[in-house]
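**Student:** Chain by chain, the residues:
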Amino acid sequence: MIVTMPVDGKAMSACINKSFGRTPYFLVYNTETQNKEFIENAAAKSQGGAGIQASQFVVDQKTEAVIVPMLGKNAADVLKGSGLKLYVASGCSIQDNIQALIDGKLETLTQIHAGFHNHGR
Amino acid sequence: MKKLLILSGKGGTGKTTLSSSFIRLSQSKAYADCDVDAPNLHLMVDKPSLTKRESFYGLPKAHIDKDMCIDCGLCFENCRFNAIDTAKGYNVDFYSCEGCGVCEYVCPVGAVTMGKAVAGNLLLYRDDKVFSTAKLSMGFGNSGMLVSEVKKQLDEEAVDAEFAIIDGSPGIGCPVIASISGVDMVLVVTEPSLSGISDMTRVIDTANGFMVNCAVCINKYDVNLENTEKIEIICAEKNIPMTGKIPFDAMVVGAVNKGIPITDIACPAGKAIRKVYQTTMKIFKINNQENQNE
Amino acid sequence: MKIAILSGKGGTGKTLVSVNLAAVCDNSTYIDCDVEEPNGHIFFKPVINHESDIKILIPVCDNDKCNGCRKCVDFCNFNALAHIAGKLMVFEDICHSCGGCKLVCPEYAISEKEKTIGKIKIGVSEGTNVISGIMNTGEEAGVPIIDELLTREFNEDDNVFIDCPPGSSCAVMESIKDADYCILVTEPTILGLHDFKMVYELVTIFNKPYGVVLNKCTDEYNPTRQYCVEENINILMEIPYDNELGKLNSNGKVISRENERFKNMFGMLLEIVLQAVRK
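Residue numbers (this note's numbering), protein chains in the order written: chain A, 1 to 121; chain B, 1001 to 1294; chain C, 2001 to 2279.
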């Protein structure tokens, strides 16, 4: 399964980032092959619609599961539209969360917030 | 780092006067001004030296190369923002341009290009204290992104600070929403006027939408005691703690203009602000305890 | 004649001045362009005789015609589009209504529908025409509403008072675009002076004739007055801080309709402004 999460840095020791749309990097991880890729988030620098741009990117990676501490409405709409599963991050450790996902211990994300509106005109 | 955000809804209620008093009384090592449209906090607090100044880029702006332009008018016909001025040939009205790129797309000869535009500046003042602020340039609007940059800079630079005080912007628009994100508590400074009450209610509803706790204090409360009572009733109905009332005080203007903190002067407003500060901080610290225990 | 009233800093008395000038003037229309937080109607309490919705165009995709090329998604500078599971998702709150996606689609799959972003209310209050615009919460774009508020026919002898939003953003610029004269309202604090300089720069860039009203003046040192004197900026009037004025204003009263003193004060200000405009 391909799981994607927003992360602070380009290492497995980094923390999961609080923001999805404006996280500096995404980790795209394959639980079967253990292949990992850290990719810079182009949406972080966008004027607006960061959640949407980031979600389009995440879906394009053929992501099947996303682990986040919280998610704004726009990003949630895009991710849900693709049918992938959304999980709440438990603590900030990447390794712990991946393991928890494999063990089926992560909770589904149900609470979506209105979005942080970090956009401009 | 725990964050207290001070908002007002309506402008002119005394938000910045209160923020600067809080910063001084708490000896906060971290503070920020999120009113990027019209930042004022730097006039009222200790300012460490300017350490960083970064350009902030907004949406691109279109530009027409007069030598290549063939006057076909397609840019003008397709622009939905009245941003193509036809008085002397075809020129882009910089302030009206929204950066959509349609004119660049429709131009048959490539005379229109989209270029980076500096929408403002992000500023960092620091010594043992960290002060993060920014200024949006004229003509750019809805500065939610620049507000987020101010907060991000605060988070990144003030790693050792226990808490931060943030002076927010007036209104209820996107800059206010961007400043609410990630804070632990909002203090709304309101005034006893109908406009003030109307705007205060909208700010509270906005903050509650983000599940952030609010408290309210009333400035210049004695200008209208009936409206002050109205505010107290509204807060009771919404279960919002009132952290105090500050009387109108003619000394405030003079103190502000001389750069003297009002809390340093033995006057009614100074005394009342100290009380508001103590009550607010008690709630702020209790909130912190609760959050840590979760 | 169109007069725009602006301030830079909030709470200086922009609405006080615009509402009361409109109230004492004959053949007057008050237009509230602070569409995010309109307050003029709180004072005028107009009898509304006309309401209309303000609409913008939002893209709609015919997914049968769409070939998934994503040219629209790539074109949109505002990231208002996403192409997921074979369908185009449009985020209406983020869309700036530029029409670009419709233009770039090679399959002509995109058409447009109307979306309401706010309202305009037109009414009368004791002989003054009152026009207010309000933006729906959650919407970004005040500019199309301000456009609609100001795009109307006026007669030669109509006097229009435009209550502008605070600050110096694009919404403010839109509000003063066609003004014949600008009144800058400010207060005697260093905060007021700091923000006053912003709108002073704005009216200078736009080449608008202007004058200043200093509000809430006390006997204390007035840094804004000093600045105006130093820069040779025309001060139209100084309104002293007044408890009675403050109380009436906070109760949503049009003070020039409440007693002779204030009626005369604003009558005088109106005369001064009209003279300045004629020059």
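Treat the hints with care, since some could be wrong.
Here are the simulated lysine-lysine pairs, DSBU-like style, with alpha carbons at most 30 Å apart [stated by the list, open to error]:
id : chain 1 : residue 1 : chain 2 : residue 2
1  : B       : Lys1066   : B       : Lys1275
2  : C       : Lys2087   : B       : Lys1230
3  : C       : Lys2087   : A       : Lys85
Here are some chain C residues the structure puts well away from chain B; computed CB gaps all over 10 Å [what the hints assert, rightly or not]:
id : residue
4  : Lys2009
5  : Thr2012
6  : Asn2049
7  : Leu2103
8  : Glu2126
9  : Ser2168
10 : Ile2205
11 : Lys2247
12 : Arg2261
13 : Met2268
14 : Lys2279
Don't read these hints as lab results, they were simulated from the structure.
Glycine residues also receive a C-beta, built at the ideal position from the N, C-alpha and C atoms.
**Student:** Would you list, in rising numerical order, the hints stated earlier that this structure does not obey?
**Tutor:** 1, 2, 4, 5, 7, 9, 10 and 11
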